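Engineer: One letter stands for each residue in the lines below.
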Amino acid sequence: MKSIKTLNLGILLMAFIFTGCDDNLDLEPEQDLTPEAALGSANNIQNLLVGAYDLAGQNEIFAGSYNLASELIANTGELAWRGTFQGPAEFNRKQITTGNGFVADYWITSYAVSNQANLILENLDKFEEEEEAARVEGEAKFLRAAVYFDLLRFFSLPYKAEGGNSQLGVPLVTTGVSDASQIEYPSRNTVEEGYNFVIQDLTDAISKLPGSNPIDDFYANKFAAEALLARVYLQQGNYQGALEASNNVIESNSYSLTGNFAGAFNNDGNSTEDIFAWQITTQDGVNDMNVFWATRKFGGRSLTGDVTIEEPYFAVFNDEEDDRSMFFYTGDDTGTFSTTKWQNQFANIPFLRLAEMYLIRAESNFRLGSSLGATPVEDINTLRNRAGALTLSSATLEDILEERKRELAFEGFALHDVKRLEQSIDGLPFDANSLVLPIPQREMDANLNLEQNPGYTN
Amino acid sequence: MNPKLNGILTLIIAFVMQIGFAQQQTVTGTVTDENGLPLPGVNIVIKGTSTGVQTDFDGYYLIEASQGDILVFSFLGYTKTEIAVANQNTINVTLAPGASELDEVLVVGYGTSTRRTLTDNIASISADEINEVPVPSVQSALVGKAAGVQITQVNGKAESGIKIRVRGVSTISSSQDPLYVIDGIPLINSDENINDSPINPLISLNPNDIASIEILKDASSAAIYGARGSNGVVLITTKRGKSGATKISLNTSSGWSEETNRRDFINTEQYVELFTEAYLNAGFTEEDAFADFNSFAENEADWRDGAVDTDWQDLAFVNGSVNDLNVNASGGSDKTQFFLSLGYNKTVGIIRGNDLERYNFRSNVDHQVSERFKVGVTSSIAKTQINRLANDNSFATPLQAIAQIPFTRPYLDNGLPNPNTLYYNFLNQEVNAENKTSIWRAIANVFAEFYITPSLSIRSELGYDLNVQTAETFDGRLTESQSVGGFAEAQSVQNEKYVINNYFTYYTLLGENTNLEATAGMSFEDDRRKAQFVQGQGFPSDDLRTVNSAAEIVGGGSSRTAFTFVSYFARTSLNILDKYLLKGSVRYDGSSRFGVDEQYGFFPAVSGGWIVSEEDFLMDSETLSLLKLRASWGVTGNADIGNFASRSLFGGASYNGRPALNPSQLGDPSLKWENTIQYDLGIDFGLLNNRISGSLDYYNKTTDDLLLNEPIPSTSGFTNITRNVGEIQNTGVELVIDTKNIVSTNLNWSSSFNIAYNDNEVTNLPGGDIISGQNIVREGEVLGSLFMVEFAGADPENGDALFVRNTLNDDGSRDRSLTNDFNEATRVVLGSPFPDIIAGFTNNLYYKNVDFSFTFQGQWGASIYNAGGRFQSASADFFDNQSSDQLDRWQEPGDITDVPQARLFGANGTQSSSRYLQEADFIRLRNITLGYSLPSSFTNKIDIDRLRIYFTAVNLLTFTDYDDYDPESTYDVQANSNINVGNAFYSAPPAKTMTVGVNFEF
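Protein sequences, first through last, are from chains W and S.
Per my numbering, residue 1 is the first one in the first sequence, and the count goes up by one each step.
Per my numbering, residue 459 is the first one in the second sequence, and the count goes up by one each step.
What the hints contain is simulated information worked out from the structure, not anything from laboratory work.
What you are looking at is a predicted structure, and each value in this text was computed from that prediction instead of being measured.
Just so you know, not all the hints are guaranteed correct.
To be verified - Sample of chain S residues with no beta-carbon within 12 Å of chain W, all distances over it, derived:
{"id": "1", "residue": "Glu938"}
{"id": "2", "residue": "Glu975"}
{"id": "3", "residue": "Asp984"}
{"id": "4", "residue": "Ser1049"}
{"id": "5", "residue": "Ile1229"}
{"id": "6", "residue": "Asp1309"}
Said to hold, decoys possible - Below, in silico cross-link-like pairs of lysine to any residue (SDA-like), each with a Cα-Cα straight-line distance of 20 Å or less:
{"id": "7", "chain 1": "S", "residue 1": "Lys988", "chain 2": "W", "residue 2": "Asp32"}
{"id": "8", "chain 1": "S", "residue 1": "Lys505", "chain 2": "S", "residue 2": "Ile528"}
{"id": "9", "chain 1": "S", "residue 1": "Lys988", "chain 2": "W", "residue 2": "Gly369"}
{"id": "10", "chain 1": "W", "residue 1": "Lys297", "chain 2": "S", "residue 2": "Ser753"}
{"id": "11", "chain 1": "W", "residue 1": "Lys297", "chain 2": "S", "residue 2": "Asn878"}
Heads up, the beta-carbon is just placed ideally off N, CA and C, and yes, glycines get one too.
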């Protein structure tokens, strides 16, 4: 019968269609690699290292946003916040809420860098060359130390030079996560443990890294790690350590101050005085220093720039010839002042400038009564000369600290200097709860082992 | 092949072999339809016996019967006909199409059914209700028409995304959209916007091409779509030709539109007063205030004398318009039928710079190759061009202009937009920027249906859906891209999907008066998406706007991704004595999206119905014409997550031009679909010869193994992971009442009322609260509940903003004391983003040649948090223009008000709190239509079958206490978020549209 034949044909057809489709379920992603591949070769570990620089150089942390918090929290009228974002406005008011999106980004992005560094450090055995493994280890530890140092400075009560730093630090995470089973719920270590961890990483980095990075000179080298270590020691009030580290960087002669002050900023590549800078190109990275500090004409968020420089700041200048006192511009028709440091939208953001090393050495020498490398006044005059300012015949501690404000203004030092110098901000003592960022609410919600900083409820 | 299916198939084949047994007299005949065409497969039973046969392909039958037997002829969609056997040997029968609504044929997955035999809850919307509503999207035409189906346009942009939520939301991290299926083929439903402002993925469909839309709401109906049935299934059926004389129909309409609502903002005089006060309160001087005013104004007189008083809303809103033209031709011979249509729609939005233009072409053809073999094609091509706007969170979007200061001039004397505005002046977008999106959509479907026997057929469908979108943006030197000398981007997406469906349909008689229908088959689906983009900056001229002219290419990329589904399904239903209905279905679904060990899922459903009114004891009831009890249970899934969500992945990156790798996601290899178990208990009723009819349903929908983007400590390097954890429950009641209020020769009036209550609750969330912005997912609460600090007005003593502490006391109660320190107050749940009651009420009146219809929609129980309130109604915290209610600020001790003292930079109550939270209940006259058909005595003279003119309006009236823009206007950037629901942020209200139109039929 014809219909039976057709039926058989139909069943045959169905049977054919029903089988053989399963293979179609096995699709592989085309944009991504598996953890096995990504962690499986020396080449990919090097790629992950470059990725770690990429993450650390995000605008959410080192490419501008962290600096904004430091400057605005420490602001007592030298700056005005004119932007619409509530996050920075909270910094400026010193009334920070636990839902502050900027604060959440600091935490999240910093720990992403930490995780990436941990994954790299756990896979150094993929490198056949010992030298290469050492370099990669040093770079990863440099980046890890950089994020933990700022996490500690922002999210914890200040480090006390006299010791006994059992106040809450941040969780120190040393194992990488690339698999769901590795997720942990760490609690906070102490500030003491945190600083020891950072110093250990930087000490390792100094011993592992070469004096110049063989892959590319914008990656970290021994002196970047040492310069950061000088900064860490200074924050602790360990002037001997700061002195030696800063002196080593200066004496290495690997860097030199740019010919004039303007030359140190708005550079597409590293300047001669950049020990380490975050790389921004038109294609990669966002310069949040520009976004918030430049006028709209130069790429900023608002006509005046979100942050303007106000009259009280200019009092720090005592010399009209000082180039630094003229390193400002006004917005169109706005009459407000913006710093010229961040005028180029696609410029690198200096992280460790040689100028800072001179300032650390000068201050440390002064405090220790020594003159390793140079006398304090010589170091100060080195900077003043470059800026076209009159040289000083002698320098007090106040002179050195003021020079710091002239030289390093708007680069993210303000809050940390207030804390280490135990100054106050609008009547708030240096160790006030409200000058410490809250642990982000999302993190408190996700990890019940965390304890919130004092002064924050919701 | 799956052994279970093998069994079912064998069963079906066994049925084929069944043969009817004969008796005394031989009766033969032919059964035809109203047009005289033979009807194959008509069931013919001798009443009161199990003896039955079916007609063959020529409509011919042969049955042995005795004199006095009654032959019952029944066929899906036709009125059952009984004929007594006398001494004749030939009985030819013409079946009439079913007259009752109960015989209306409904499209269900992989087949059809009728209301009468349905054991599911399916909402059906006919073409009449969809056509002529002047909205550019199909979904908007359904508002208020289906019980338990909430349809919301994100906001007032013409191409704006649309959310359809069937019986509440049942997932946290997976898609909440229903599955859309057009003519049997699942549609691509991905929003391809490039600026976080969603585009309705179905914008390419022409509402005028649609014959009916069925929404499968319960598990019994949706389970046949297995892993994608949890959010309901929307089946769209396009119009097809009918044999007979060619009919040409033309519909053209034109109209205008405006925003449904505006808000009150302060004018120049009020601004000067309020802000001067705010300066003084903040420790500044009047001189400080005036100096700043001068910097915002061109001349002092502008603010001092009110010489400039700009209402920026006037500039943001424009008069919109709608022009719509549709022509279609349909007809055909006995063998071949066709439906051809052309459509054009131009919608100019109510927001400056937003418009949409769409061209549609469709041709649907059916051809009967032989009595056993039928083939057909549906094909449609659409092109849509949209002039788009920036998303709600950008200075360039028109509605953010409400923040500008009233004494700032919008334009300079030379006619160009004033560059010296507080925020970027959006008017530059019109002269110096463009944001165009073009969408090409081709949907085609070829089918072949072969009748192995008159009651056993196999149908194969091959469907193809192509969605190509190109988005091109340019921002010139006057715009926010000033610093880079102009910026342009071009992005293109090609998304294609092919679908193969093969299934058998079989029906037969089993024993006495028992019908059996069975369907079994498979489906394969393959979806591939490619995207490319390039960005450039630095343009020699603002007139050169493509990336070609860019001095520097600053970004680019391409990506490819895919997913597949392999599915097997079967369904069988029994109809015993037209009283007892039983249905069961299974689907076995495999998808590439899930972990290797969890690729397949099994989705069964069963349902039953009892038509009580067919029982003897109710047969003769005058009042009760229908009473049907239904119950169903079923399992559905939700598979709409990222294509490779189960895997840990590392993706490419770069740093300073060097290649890099970064972790892109953490995956759980045991990831599988969400499981929704839903049961539904329903009553269908008809009273007074169905003058009053309706249905009442109770459902309980429990989703577990939620696909959840669970937040994890970011100390892991990641912020979340997709896991199967948690449970959500939706329980609800739906009531539909249809009435024929007046039935007479000249006047007919019918009403349809639906109301649905839904209670959503997150019943299990092992990882604890998920909080995002002002929304929380918390066990025991509605998904995405609005969660924030409770605002308590201004302190009568000093004007400080007050908050309720709400911290937990030891006894579990909350500390209701007030504080002016925001950080001392804790957040609590203060509202739900979803309504718990939605309702619709439609009336149709026909009086002689006049037709009149209107639909009201309403919703109750939802709240909206206006995130923009922190700037718009902020006690003059910043220079943004303020809403008029800020004039009620606290001024001196003793003032009792909700508006704290005005303080510039004072953040006096501007934190995220319930100060900006409002209930969003509303009732809206969704659409109203008045039409007049010219008398045929007149139209016949000019060779026109029908000529009707009509007026129709959408959103004409809105009744609400909500005082932000509109209770249906929300933040477009969060439109695709499941958690950040119920937030507004400079979001445009929907359009109120009025059109007049003409229908011609030749």
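Engineer: It remains to establish, for every hint, whether it holds in the given structure.
Structural biologist: Here is how each hint holds up against the structure:
Not every beta carbon of chain W lies more than 12 Å from that of S:Glu938, the smallest distance being close to 7 Å; the non-interface claim is violated. With a minimum CB-CB distance of about 18 Å to chain W, S:Glu975 clears the 12 Å threshold, and the non-interface call stands. With a least CB separation of 7 Å from chain W, S:Asp984 falls inside the 12 Å interface cut-off, contrary to its annotation. Consistency note on S:Ser1049: stated as away from chain W, yet its beta-carbon is not over 12 Å from all of that chain's, at 7 Å minimum.
Taking the minimum C-beta to C-beta distance to chain W, about 5 Å, the non-interface status of S:Ile1229 is violated against the 12 Å cut. Residue placement check: S:Asp1309 keeps its beta carbon more than 12 Å from all beta carbons of chain W (closest about 48 Å). Restraint check: the Cα-Cα separation between S:Lys988 and W:Asp32 comes to about 15 Å, which is no more than 20 Å; the hinted pair holds. Proposed proximity of S:Lys505 and S:Ile528 is supported: the alpha carbons are some 5 Å apart, at most 20 Å.
Restraint check for S:Lys988 and W:Gly369: the C-alpha separation of about 67 Å exceeds 20 Å, so the hint is violated. As the CA atoms of W:Lys297 and S:Ser753 are separated by approximately 17 Å, the hinted pair is consistent with the 20 Å bound. A distance of roughly 12 Å separates the Cα atoms of W:Lys297 and S:Asn878; the hinted pair therefore holds under the 20 Å criterion.
In summary, the numbered hints that this structure violates are 1, 3, 4, 5 and 9.
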